[in-house]
Amino acid sequence: MVFSSLTFMYIYLPIILGIYFLVPKVLRNSVMFIAGLLFYAWGEPVYLWIMILSTIIDYTAGLFMHKYDDKPAIRRLCLLVSILMNVGLLSVFKYSGFFVSTINSVIGTSIPVPNVSLPIGISFYTFQSMSYTIDLYMRNISVQKNPVTFATYVTLFPQIVAGPIVRYSDVQNEINHRTISIDMVGEGVAIFIKGLAKKVLLANNIGALWATVKAQEISSLPAATAWLGILAFTFQIYFDFSGYSDMAIGLGKMLGFNFPENFNFPYVSKSISEFWRRWHMTLGSWFKSYVYIPLGGNRKGLGRTAFNLFITWMLTGFWHGASWNFVIWGAYFGVIIILERLFLGNWLKKIPAVLQVAYSFILVVFGWVLFEFDELSNVFLYFKAMFGGNALGFANADTLYYLLSYILVFAICIFFSSDICQKLALKIKAKFPKVWEYATPAVCIIVLLICTAYLVDATYNPFLYFRF
Amino acid sequence: MNGKKLLAVLFSVVLVSLAVITAFSKKSSFSEEENRNLATFPSFSLSAIGDKSFMNGFDSYISDHFFGRNFWVNLKSNLELLTLKKENNSILLTSRDSLVEDLEEPEERKIGLNISGIESFAKNNPDAKIYMAIAPTALDIYSDTLPYGKSTWSQKAVIDDFYSKISKSAYGIDIYTSLYSNRDQYIYYNTDHHWTTLGAYYAYTQIATALDFKPYDKSPFDVEHASYDFKGTYSSKSKIPVTADTIDIYSLASSDLKVTEVIVNDGKEEKSYDSIYFREWLGKKDKYSVFLGQVQPEITVKTNVQNNRKLLIFKDSYAHSLLPFLALHYSEIKLIDLRYTNQNYRDLANVSDYNDVLLLYNIDSIAHSFEIATLGD
Numbered sequence: 001m002v003f004s005s006l007t008f009m010y011i012y013l014p015i016i017l018g019i020y021f022l023v024p025k026v027l028r029n030s031v032m033f034i035a036g037l038l039f040y041a042w043g044e045p046v047y048l049w050i051m052i053l054s055t056i057i058d059y060t061a062g063l064f065m066h067k068y069d070d071k072p073a074i075r076r077l078c079l080l081v082s083i084l085m086n087v088g089l090l091s092v093f094k095y096s097g098f099f100v101s102t103i104n105s106v107i108g109t110s111i112p113v114p115n116v117s118l119p120i121g122i123s124f125y126t127f128q129s130m131s132y133t134i135d136l137y138m139r140n141i142s143v144q145k146n147p148v149t150f151a152t153y154v155t156l157f158p159q160i161v162a163g164p165i166v167r168y169s170d171v172q173n174e175i176n177h178r179t180i181s182i183d184m185v186g187e188g189v190a191i192f193i194k195g196l197a198k199k200v201l202l203a204n205n206i207g208a209l210w211a212t213v214k215a216q217e218i219s220s221l222p223a224a225t226a227w228l229g230i231l232a233f234t235f236q237i238y239f240d241f242s243g244y245s246d247m248a249i250g251l252g253k254m255l256g257f258n259f260p261e262n263f264n265f266p267y268v269s270k271s272i273s274e275f276w277r278r279w280h281m282t283l284g285s286w287f288k289s290y291v292y293i294p295l296g297g298n299r300k301g302l303g304r305t306a307f308n309l310f311i312t313w314m315l316t317g318f319w320h321g322a323s324w325n326f327v328i329w330g331a332y333f334g335v336i337i338i339l340e341r342l343f344l345g346n347w348l349k350k351i352p353a354v355l356q357v358a359y360s361f362i363l364v365v366f367g368w369v370l371f372e373f374d375e376l377s378n379v380f381l382y383f384k385a386m387f388g389g390n391a392l393g394f395a396n397a398d399t400l401y402y403l404l405s406y407i408l409v410f411a412i413c414i415f416f417s418s419d420i421c422q423k424l425a426l427k428i429k430a431k432f433p434k435v436w437e438y439a440t441p442a443v444c445i446i447v448l449l450i451c452t453a454y455l456v457d458a459t460y461n462p463f464l465y466f467r468f
Numbered sequence: 001m002n003g004k005k006l007l008a009v010l011f012s013v014v015l016v017s018l019a020v021i022t023a024f025s026k027k028s029s030f031s032e033e034e035n036r037n038l039a040t041f042p043s044f045s046l047s048a049i050g051d052k053s054f055m056n057g058f059d060s061y062i063s064d065h066f067f068g069r070n071f072w073v074n075l076k077s078n079l080e081l082l083t084l085k086k087e088n089n090s091i092l093l094t095s096r097d098s099l100v101e102d103l104e105e106p107e108e109r110k111i112g113l114n115i116s117g118i119e120s121f122a123k124n125n126p127d128a129k130i131y132m133a134i135a136p137t138a139l140d141i142y143s144d145t146l147p148y149g150k151s152t153w154s155q156k157a158v159i160d161d162f163y164s165k166i167s168k169s170a171y172g173i174d175i176y177t178s179l180y181s182n183r184d185q186y187i188y189y190n191t192d193h194h195w196t197t198l199g200a201y202y203a204y205t206q207i208a209t210a211l212d213f214k215p216y217d218k219s220p221f222d223v224e225h226a227s228y229d230f231k232g233t234y235s236s237k238s239k240i241p242v243t244a245d246t247i248d249i250y251s252l253a254s255s256d257l258k259v260t261e262v263i264v265n266d267g268k269e270e271k272s273y274d275s276i277y278f279r280e281w282l283g284k285k286d287k288y289s290v291f292l293g294q295v296q297p298e299i300t301v302k303t304n305v306q307n308n309r310k311l312l313i314f315k316d317s318y319a320h321s322l323l324p325f326l327a328l329h330y331s332e333i334k335l336i337d338l339r340y341t342n343q344n345y346r347d348l349a350n351v352s353d354y355n356d357v358l359l360l361y362n363i364d365s366i367a368h369s370f371e372i373a374t375l376g377d
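Keeping their order, the protein sequence lines are chains U and A.
Position 274 of the first sequence, counted from 1, bears residue number 274 in this note's numbering, the numbering being contiguous throughout.
Position 302 of the second sequence, counted from 1, bears residue number 302 in this note's numbering, the numbering being contiguous throughout.
Isolated chain U (complex conformation) (with noise of 0.2 Å):
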């Protein structure tokens, strides 16, 4: 099920949460945890079972790393098995196509390439989950004894999806005891309302320009139109994924939880060590947390500390599909916050802050050539059109024509992506605090009906991320 669609937000929603505020506190676990198998199963009704499976495994590795508390290796074992089953899933049901043909290319094999569908949310429950275990053995978090409430955790339906990656850490007190308030309700429905916003107006919109441009043989783009698509496709993902967030944290508002915010203007940005600080941020934290501190962090000095980086990037990429040219593009990605580490954040200092921005919006860009394309033949291709190097002059009649036809929508989306935008609504709010309160509302619930005009017209409604 998605979030921006008329079946979740007029049929299962209202439901949902109408039996959740109207029982008692001690059944509601129980109702988000049928609400979330439910949720799970309407998009993904046969491998819901793996999703079960993960989280019988996880749930009873920790009971006995509980258990056998002073045994430390049992703890290692059961953390091993954690991570081993997770893990394994993921090689199965996402790379496993993926480790079979590079076998076959490097060693010249005829293995026959499986071709196994991939479960929605496999890469943030798997995530999610390995978080509790990993997080028990090195004792940062207390057991989880009963069933329910840990399957709650799994399933929450907010993020089972496409995140942001909740740590049990994060939610560890609300979900055992979570307050719900009319206010919180209220908070809640402003953020879903933006995320709903950012995706079915701005994303979707832009998106259809990086759809045209992209249905054309990229050997007959002049280098504005390669531009002007690679650029729709930066502003389409940014606001897709951070809309989803928005609206998976609205959604846990309303439930009483607080999900840890997964997107901070990344596009403003003055480096990228600084952009991944910006940019999904609760995968970037699990990366740092459980593979590049373990790794020894920057604790072992500067050559062992690129290396931690290198590996941590290449994986990084690798989560976000099954493909060389995600490894690519964390690995492209990694080089650069070497860079930056070593000597080049020092320069990027010295430079005027609208450089700084630049610099990293451009490299960046480049980094969604990368991400897009799967065969890194049409990643080449698509930077020789970028650079001219179609010989088509740098832009032609249809190129204007574009230009014209998203101007507006191009102008809207650098508005909402900057932090311009968040600071004039603090300034308003400061200045007339009793008109932003109610005109907040207003505004929200106009949004509200026109994004359903949006949905009910749907002819575009592609979700990118869903690939994870």
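No wet-lab data here; the hints were simulated from the structure.
Be aware that one or more of the hints could be misleading.
Reference excerpt, derived from the structure (chain A facing chain U, CB under 7 Å, subset only) [stated by the list, open to error]:
#1 5
#2 15
#3 151
Everything numeric in this text was worked out from a predicted model, so none of it was measured.
Backbone N, C-alpha and C fix where the C-beta goes; we use that ideal spot for every residue, glycine too.
Add chain A to chain U, keeping to what the hints say.
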């Protein structure tokens, strides 16, 4: 009540009321606006859940029957205008506030097949007098009003080229020039892919001259405004709001000439009517079908014209609004639509019975399909 509580309450009200009304409102089975059947509630079974057909069916059902569906769709298309986008689903909004379809470049292979078909047809019917009239669409006639930066290919060049290639087999009638020189008049619908009756009239004047009879002047015709709110295929496809079209019916005032019988063969049976106008369509969405009804494989029109001349037309739907004019000059006209029949034309008509054979198509049929090629069989 503070702002947050207010928002929570409003949100609940919107969600619950739309959900409840949608659930309990009466469901129609057919959408006039979209000209299609609306989804029925999906069947519920284990296998329907397993292959997600239940879920997908449920989603379709909810969106098809969502309360106020047409209201929401119109709201969205009006809002879209604010974003200055002038295109949706290949339909462009011109500076004349009309809609045109952005046709793709012509497909050489299909044009070639059509030419071969016509050449074979001419060879197989050496005594037939074969004429061809290819109509441009509004996209070309008004190509100078397209959104800034948008350009299109020359339909005139394709038409002229086609005519020169079939010149040994058929006489190509230039209707482009007459249409273009009258482009300031209402000759194409703003919301549909057809020409208006007036546009068809101008084409008729050129066809008449080619077929060797004098076309009637415009003045003796009575113009009946049969409908003022026609929104055709371009509106449905793009949902860009523009003013509705008027459908006109031209009849020769004070004339004894009339259609005596219309025989429609829909491929299974023949039905007889007494008028070329099927007025029940004026009350539905597809108002252009007032002209000769929906497209059928074969229609025979008999008139009381006393010259015993017969015309055979191979056509697409552009011919429907032009027929009333040709019917003033022939005692019998047979229209065959090759797209809607599997039969060879010989099973439907004996070419030697007819004085003239006219191939009447719009540029889209020439450039993007090859049903005409079956004429060569």
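Restraint check, 7 Å cut-off on beta carbons, for residue 5 (chain A) near chain U: For residue 5 (chain A), the interface hint holds, since the closest Cβ of chain U sits about 5 Å away, which is under 7 Å.
Chain U contact restraint for residue 15 (chain A) - C-beta distance below 7 Å: holds (5 Å)
Interface hint for residue 151 (chain A), Cβ within 7 Å of any Cβ on chain U: Status holds, d = 5 Å.
Of the numbered hints stated above, none is contradicted by the structure.
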